[in-house]
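Colleague: So the chains spell out like this:
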Amino acid sequence: MNASRLSIDEISPRELRVSGVIDAHTAEALETALTRQGTDGDITLDLRSIDFIDSSGLRVIVTFHQQLSDAGNRLVLGGPNESVIKLLEITGLRDHLHLTE
Amino acid sequence: MENSTDEEELIQPCMSIRPADLGAFRERIRNAAVNAGVSHERLGDLTLAASELMSNACEHGVRACVAIVRVGKLIELRVTNTASPGSVPPPSAWSFPAPESATGRGLAVVGAVADATRVTWNHNRVTVSAAFSVQ
Numbered sequence: 001m002n003a004s005r006l007s008i009d010e011i012s013p014r015e016l017r018v019s020g021v022i023d024a025h026t027a028e029a030l031e032t033a034l035t036r037q038g039t040d041g042d043i044t045l046d047l048r049s050i051d052f053i054d055s056s057g058l059r060v061i062v063t064f065h066q067q068l069s070d071a072g073n074r075l076v077l078g079g080p081n082e083s084v085i086k087l088l089e090i091t092g093l094r095d096h097l098h099l100t101e
Numbered sequence: 001m002e003n004s005t006d007e008e009e010l011i012q013p014c015m016s017i018r019p020a021d022l023g024a025f026r027e028r029i030r031n032a033a034v035n036a037g038v039s040h041e042r043l044g045d046l047t048l049a050a051s052e053l054m055s056n057a058c059e060h061g062v063r064a065c066v067a068i069v070r071v072g073k074l075i076e077l078r079v080t081n082t083a084s085p086g087s088v089p090p091p092s093a094w095s096f097p098a099p100e101s102a103t104g105r106g107l108a109v110v111g112a113v114a115d116a117t118r119v120t121w122n123h124n125r126v127t128v129s130a131a132f133s134v135q
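First to last, the sequence lines map onto chains A and B. Counting in the working numbering, the first sequence runs from 1 upward without gaps. Counting in the working numbering, the second sequence runs from 1 upward without gaps.
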């Protein structure tokens with residue numbers, strides 16, 4: 001894998017698949033992609049191809065979770081792998097966010 | 001956090017950090033940790049802590065660098081940057097914010113995954129250290 005790369009693909013309307021790493025360097029790209037989706041409806045973020053995420057990625061996820069919640073919609077995190085789930089558990093966010101397999 | 005009788009061995013001298021290089025630095029730190037004997041089970045934690053500390057250093061300070069040191073049976077990450085004295089809280093004050101908060105989790109993540117942590121000051125230079133046991 002490229003240790004610095006994040007790929008974001010819109011695989012269906014309001015469903016983004018992210019691959020690679022989400023860190024302080026790449027988080028802005030995810031933020032931009034989610035902003036383009038707007039808050040008018042649920043968004044699914046497919047995380048099954050994420051190799052690494054840190055709290056910079058959580059910042060973006062929590063921000064958009066709140067924005068969509070305020071609009072009466074949901075940010076759904078699809079297929080989070082073991083490392084993503086571990087980080088969500090450590091930070092106490094697992095029960096706060098919407099996760100799906 | 002360290003026993004003063006333990007001899008220190010510099011595994012990786014201080015490397016200057018830039019945000020665009022975070023991924024490459026994680027790989028270098030991961031490889032150095034493998035060579036130093038850190039178990040596969042702990043590599044994820046060490047890499048995560050390194051990323052959090054380097055991100056903080058890049059965001060809040062200048063002239064940031066990361067070093068790796070073996071201290072007895074511990075492998076220690078040491079991330080140093082310039083900072084206003086007292087602006088980095090001691091590990092005892094690292095805590096997770098409310099779930100609704102977008103920011104403020106980095107140091108608490110480090111505290112949660114490392115075996116020991118420490119903040120030391122030298123004038124306007126701060127070093128945040130996170131240690132992991134070698135299996």
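Hints in this document: simulated from the structure, not taken from any laboratory. Since the structure is predicted, the reported quantities are computational estimates derived from the model, not experimental observations. Heads up, a few of these hints could be off.
Unchecked claim - A partial selection of chain B residues facing chain A, derived with a Cβ cut-off under 7 Å:
1) G23
2) H40
3) G44
4) L48
5) S51
6) A102
7) T120
8) W121
What the hints assert, rightly or not - Reference listing, derived: stretches of chain A covered by chain B, where coverage requires no fewer than 3 residues with Cβ under 8 Å from a Cβ of chain B:
9) 28-39
10) 80-94
To be verified - Beta-carbon label-pair distances, calculated as ranges:
11) A:S12 <-> B:V34: 37 to 45 Å
12) B:S133 <-> A:G38: 44 to 52 Å
13) B:V62 <-> A:T35: 24 to 32 Å
Cβ coordinates follow ideal geometry from the N, Cα and C atoms, glycine included.
Colleague: Taking the hints in turn, state whether each one holds.
Modeller: Cross-check of the supplied hints:
1. G23: 3 Å, holds
2. H40: Where the cut-off is 7 Å and the nearest Cβ of chain A is about 13 Å from H40 of chain B, the hint is violated.
3. G44: G44 of chain B check passes; min Cβ-Cβ to chain A is 6 Å, inside 7 Å.
4. L48: 6 Å, holds
5. S51: At about 4 Å, which falls below the 7 Å cut-off, the nearest Cβ of chain A leaves the hint on S51 of chain B intact, so it holds.
6. A102: OK, holds: A102 of chain B within 7 Å of chain A, min 5 Å.
7. T120: This hint is violated: T120 of chain B lies away from chain A, its Cβ roughly 22 Å from the closest one there, beyond 7 Å.
8. W121: Violated. Min distance 23 Å.
9. 28-39: Three-residue rule not met by the stretch 28-39 of chain A, so violated; n is 0.
10. 80-94: Our answer is that it holds, as 7 residues pass the Cβ test (under 8 Å) against chain B, meeting three.
11. A:S12 <-> B:V34: 37 to 45 Å: The hinted range 37 to 45 Å holds for S12 of chain A and V34 of chain B, with Cβ atoms some 39 Å apart.
12. B:S133 <-> A:G38: 44 to 52 Å: 47 Å, holds
13. B:V62 <-> A:T35: 24 to 32 Å: For V62 of chain B and T35 of chain A the Cβ distance comes to about 29 Å; the hint holds.
Hints 2, 7, 8, 9 from the list above are not met by this structure, while the remaining hints are.
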